[in-house]
Amino acid sequence: MRPMLRTHGSKFRPSWMGSEKKMTTTPAELVRLTAAQMAAKLRAGEITAVELTQAHLDRIAAVDGTINAFLHVSAEEALETAAEVDKIRAAGGTGAQALHPLAGVPIAVKDLIVTKGQPTTAGSKMLQGWMSPYDATVVEKIRAAKLPILGKTNLDEFAMGSSTEHSAYGPTRNPWDTGRIPGGSGGGSAAAVAAFEAPLALGTDTGGSIRQPGAVTGTVGTKPTYGSVSRYGAIAMASSLDQIGPVARTVEDAALLHELIGGHDPKDSTSLPEEVPAFSEHARNHQLTGLRIGIIKQLQGEGYQAGVLARFQEALEALRSAGAEIVEVDCPSFDYALGAYYLIMPSEASSNLARYDGVRYGTRVLPEEGPLTIERVMGATRAAGFGEEVKRRIILGTYALSAGYYDAYYGSAQKIRTLIQRDFEAAFEQADVLISPTAPTVAFPLGAKLDDPLAMYLNDIATIPANLAGVPGISVPGGLSYDENEQGLPVGIQFLAPAREDARVYHAAGALEKLLQTDAEPLWAQIPELAETAGAASSSVVEGAN
Amino acid sequence: MTETLTEAQPLSFEEALERYEPVMGFEVHVELNTATKMFSSAPNAFGDEPNTNVNEVCLGLPGTLPVVNGKAVESAIRLGLALNCQIAPYCRFARKQYFYPDTPKNWQTSQYDEPIAFDGHLDVELDDGEIFRVEIERAHMEEDAGKLTHAGTSGRIQGAEYSLVDYNRSGVPLIEIVTKPITGAGERAPEIARAYVSAIRDIVKALDISDARMERGNVRCDANVSLMPKGSSRFGTRSETKNVNSMRAVEHAVHYEIRRHAGILAAGGSIVQETRHWQETTRTTSSGRPKSDADDYRYFPEPDLVPVTVTEEWVAALRAELPEPPAERRRRLRQSWGYTDAEFRDVIAAGLLDAIEETVEQGAAPAVARKWWMGEISRLANARDTEPAELGVSPATIVELNGLIEQGRINDKIARQVLEHHVDGEGSPAEIVAARGLEVVSDDGALTAAVEKAMAENPDVVEKVAAGKLKAIGALIGPVMKETRGQADAGKVREIVLQKLGIEG
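Going down the list, the protein sequences come from chains D and Z. Last residue of the first sequence: 1377 in the numbering used here, with the numbers rising by one and none dropped. Last residue of the second sequence: 517 in the numbering used here, with the numbers rising by one and none dropped.
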């Protein structure tokens, strides 16, 4: 299916263009503001949270039939929260003052993160209709800060994939070209933010599931330092690699959301004790003089599209001319990162997904014939409930952990992991942050790599090392790459920093974002106008549980 | 191809021991009495409505994460120290993976190659006082599974119509204690097995880390048995009898397995490596599932938990507060109380060591304390179908009651009645004596009258006493007691009779 494209018109004039003073902001303009701008307008009383939330719900109704970013929209709940914010703000006094800066700014939540009162499917048939009796810690924080939750976003089943095509509920489409993938596994969150269906979203990143969708949709996504955001309530794929992080259109917005969701959680044993720094201040610090930026020898060249490399070189030039010192670092073990990742991740996933057996919750499938023994019910449930990619990884992981193979596979992979950590340590002796393209290619057409798992896995070649080492990474738009048809598609630039130094990636990415904004509008505003298909919302966008 | 013989008539125990040397190994699981579960804040409690002591973590719901119970780690260190183990300064949990509906995550969080305690020993005292040293391989922390109830005639999962599962026990903290192979036990193997489990139970009780009630499964034993021909040092194939849950059953199970193995081996057969079930009614074991060393649990370090680090200071502080080892304590008490071996054994068997020790500490003579606890209190407990220690009689009550006897205010018989009234909730012994007017009649006037009446009614007895047959006084005591409703002091009665007859007592 070819995209329904229209070139960008002049239908709206967002406030960042700044020239015209306007008394009112239309819904179309509202959804195109940054989260920081929305928050400022809410505080100033220029708009209400209900208006803002309704504008997003309308946008979802208009475009999500095409995009399929949402698996569930919770209009009623979102409007309730918004009304609460408006009420508190209208009452004034200490109540209004105590409101979180982002109160009233709507957010979308990746459907891998559990929410009370809304279904959580993990993109799998296995959890069709399942309602979590508890909230994830990050969801508790979002509720406490009163951000209206618009709904749950699509993903590759159990976050296993790089295209969101492995969702049991149909693929999400890239708003830049609806014939292409939005990245994965967090394609739903990235596409929702890119298509102005939500200003903010939560993602999870195990091998690049926040950053790679960010890259191919022209949005910003951060994988925080492992342990800096609680994983409690994020349905586990690979426990030692998973991390929840923010998805936004600007670096500052991502930083603001990161500040909200970060911090120690006693329910997550791997959670770090540190206080959350003011990331947004670092995002607004555009001073680059003296910042040492390391190019990773192993993450450029072969396998990267020319258009991607061209944008990468331009970014380096811009950073250098702004005063940054560009150095090259050698991380030889990164060549083995993909191999190590595809042993550790499936090993942990095979274990984490063992609980889906039809005994306690979720889907239960009875064998079509033969006796109803527990083993056969478990087997039939798992055979029917899991998709192909999930089964592939469970089998891979089960094999890698088997007696007699453990040392050769899981054991060796852990050693590579240690070597990668050492490579990072050495690299950070020479550089304050590291830089690479986020993904080797721009968004590829739907279906292009579905039958070739290895090609699909290679999408994550540049993002995986950060997960293996637990260090933070961010993807920030680096401009458009043009193909032979002159079609512009976003390219992502990744910054990496040492563990616990997430502030550095916000600093570097914020500065680059500013440097590249040479046009009148940021990259994300150049997205083609989407055809509105009001009334044709996909059947997956429903109120309530299935 | 001929089939290998795997079943045969068991040999007699004596015959078995003539030809083979038994090798044993035990895995004892101890359920801890922590307030909450091993990895979640759900309550750790026995006997509640099914599936009420659960939360999202111990149900293994999507997205949940474990957090280690610090108190359980402390209990594990203390038990490790009591078993003379090394304590690991750094250890991890691992996932032991297998699909079973009582295990909500389909893995058990346990410890694999990094147990918290290892390389210890326990000196076990046998009935004749001989000490047998059992080497401890390791003690590690893990979580319990839920409880399955299979509906249907078999009572097993195979052939059940349906099964119910209660996750209240799911995630309850366990410590598993694994012995090294026990050799050299010979004919005393069954006795050593019982004494070992009994010693473990005593230790966890003394440490107050478990309720230690075997009938509730707080202490569960898997007994491994194999035989090697006399003179050989190569271990044979072992069987593992699961969940033998009383001390007597452990002894009988080992006894039976030695006979069964010997029967098969003597007939030229071979032992199947398998788990076996203890059958209490027949005192035999039956085949469970085959278990090979190649059972693949796909262990790997639990990535959701950080390693447990145990500082030297922590270990030192816990070591300093360890209670006296039960075996040492028993030796000390037996010596200081002067009981015979048989008397002391009975006290231990009745579970009254603590009660008697406390009663003695509060001032009663050891013999008096034993007389009350082993006598009247045990009898009352038995009649009321409970344990003596749980009857509600405090050591202080016994001391008070005994004081009343020593002061001559009541006699033994009245004291027994007072005790029963006390158990019925009528108050302290002194209160009961006062309220019921049970004080011994020592008022000479009333007593003298009763004695005179008895003497007048029994002239033949009086004649015998007067003739020097002092034993005959007993025949007068009965009527006096009847007259005084049992409240007379027998000694005093005797005194008055002799006085009346002018005989020197």
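Calculated directly from the structure, the hints in this document are not laboratory data. Nothing here was measured: the structure is a model prediction, and the numbers come from that model. Here a beta-carbon is modelled for each residue, glycine too, at the ideal position from N, C-alpha and C. Heads up, some of the hints might be wrong.
[Claimed, not checked] DSS-like cross-link-like pairs, simulated, lysine-lysine; straight-line CA separation at most 27 Å: (1) Lys83/Z to Lys1098/D; (2) Lys1128/D to Lys1246/D; (3) Lys83/Z to Lys1246/D; (4) Lys872/D to Lys956/D; (5) Lys83/Z to Lys1222/D; (6) Lys872/D to Lys977/D.
[What the hints assert, rightly or not] In silico contact screen, one side only, chain D against chain Z (beta carbon under 7 Å); selected entries: (7) Tyr965; (8) Tyr1063; (9) Ala1065; (10) Ala1185; (11) Glu1200; (12) Gly1201; (13) Ile1205; (14) Ser1233; (15) Ala1234; (16) Lys1345; (17) Thr1349.
[What the hints assert, rightly or not] Reference listing, derived: stretches of chain D covered by chain Z, where coverage requires no fewer than 3 residues with Cβ under 8 Å from a Cβ of chain Z: (18) 947-960; (19) 1095-1108; (20) 1188-1196.
Task: Hint check: 7 Å Cβ-Cβ cutoff, Ala1065/D to chain Z - done: holds, 6 Å
Open item on the list: At least three residues with a C-beta closer than 8 Å to a C-beta of chain Z: is that true for the stretch 947-960 of chain D?
Closed with: holds (count 3)
Open item on the list: Does the closest beta carbon of chain Z sit nearer than 7 Å to the beta carbon of Gly1201/D?
Closed with: violated, 15 Å
Open item on the list: With the threshold set at 27 Å, check whether the alpha-carbon distance from Lys83/Z to Lys1098/D stays at or below it.
Closed with: Judged against 27 Å, a Cα distance of about 17 Å means the pair holds.
Open item on the list: Min Cβ distance, Lys1345/D to chain Z: is it shorter than 7 Å?
Closed with: This interface hint is violated because 37 Å lies over the 7 Å limit.
Task: Whether chain Z covers the stretch 1095-1108 of chain D (at least 3 residues having a Cβ closer than 8 Å to its Cβ atoms) - done: holds (count 5)
TODO: Return the status of the interface hint for Tyr1063/D: holds when the least beta-carbon distance to chain Z is below 7 Å, violated otherwise.
DONE: Interface hint status for Tyr1063/D: holds (5 Å vs cutoff 7 Å).
Task: Restraint check for Lys1128/D with Lys1246/D, where alpha carbons must lie at most 27 Å apart - done: holds, 21 Å
Task: Hint status (Cβ of Ala1185/D to nearest Cβ of chain Z, threshold 7 Å) - done: holds, 4 Å
Open item on the list: For the restraint on Ala1234/D, tell me whether the closest CB of chain Z is nearer than 7 Å.
Closed with: Hint holds; Ala1234/D Cβ to chain Z Cβ min 5 Å, cut 7 Å.
TODO: For the pair we were handed, Lys872/D and Lys956/D, check the Cα-Cα distance against 27 Å.
DONE: violated, 41 Å
Task: Residue hint Thr1349/D, partner chain Z, criterion CB-CB below 7 Å - done: With Cβ-Cβ at 43 Å, over 7 Å, it is violated.
Of the numbered hints stated above, those contradicted by the structure are hints 3, 4, 5, 11, 12, 16, 17, listed in ascending order.
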